[in-house]
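Colleague: Sequence:
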Amino acid sequence: MSGHSKWENIKRKKGKTDAIRARITTKISKEITIAARMGGGDPVGNMRLKLALTKAKQNNVPKENIQRAIDKGVGAASGAGFDEVTYEGYGPGGAAVIVECNTDNRNRAAADIRHAFTHHGGSVGTPGCVSWMFKKKGTIFVSKEAADEDTVMMVALDAGAEDVAVNEDSYEITTAPEDFLTVSDALEKEGIAAEASEVAMVPDNYVKLEGDAAQTMARLTGELEELDDVQEVYTNAELPEDME
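In case it helps, full-length UniProt numbering puts the sequence shown at residues 1 to 244.
Rather than coming from a laboratory, the hints here were simulated on the basis of the structure. Here the structure is a predicted model, which is why all the values come from computation and not from measurement. Heads up, a few of these hints could be off.
To be verified - Using 30 Å as the maximum straight-line C-alpha spacing, the simulated DSS-like pairs for lysine-lysine come out as follows:
no.	residue 1	residue 2
1	27	63
2	144	189
3	135	57
4	137	57
5	50	63
6	55	137
7	50	135
8	136	63
9	27	136
10	208	144
11	50	144
12	208	63
13	27	57
14	136	189
15	27	55
16	208	55
17	135	55
18	57	208
19	208	135
20	189	55
21	50	208
22	27	135
23	57	136
24	189	208
25	189	135
Kindly produce the complete structure, drawing on both the sequences and the hints.
Modeller: Structural data, given as structure tokens:
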């Protein structure tokens, strides 16, 4: 889960199958709907919606899907509302797992998540049992082909970034959640394109898994990510790079 391996993981995800890309579109559309429902359909003044729209752009979500999700959120289209619920638990080797859901059926979501955990030797814990091990951070990846190191560091740090790490073929910019959009906008204004960016739960420390434990953990997170109700899966498990 180093910067380099995370960057490789992002590039791999970009090449996923059409079915998986369709599932990603559905998850992002849910997030747009919830953001619009909570703060209105105008991204100006609605940071959560702006973050969701940024994610939609990076994943090439069609404009009509985006507008439909916004309309649903502000009540212009019919449809059931989604509730947000977070589950915490433990996977193989005691690795921590956080599962964020957007669901229209809490009972179904809870049952599916518990099944995934128990199926792979894990367990669902009580709220707060592992979240204390994580901090919410913004992360922006910029390809080294996009700009030189000095320029990226100057623009990012001047805009309020906490750190800029240099990986093998990318720059990894870390921000506080409230500074994420400011730093992203500053890079964009300078013509520095982000290959990927997100605001996510980042673990303070990692648990290194190998062999059977690593294989089981990969299957657990994969099964969780495939669930329709699941929006994001975070873990402090460090897997071999060829498995990520």
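Colleague: When the hints from earlier in the document are held up against this structure, which numbers fail?
Modeller: 12, 18, 21 and 24
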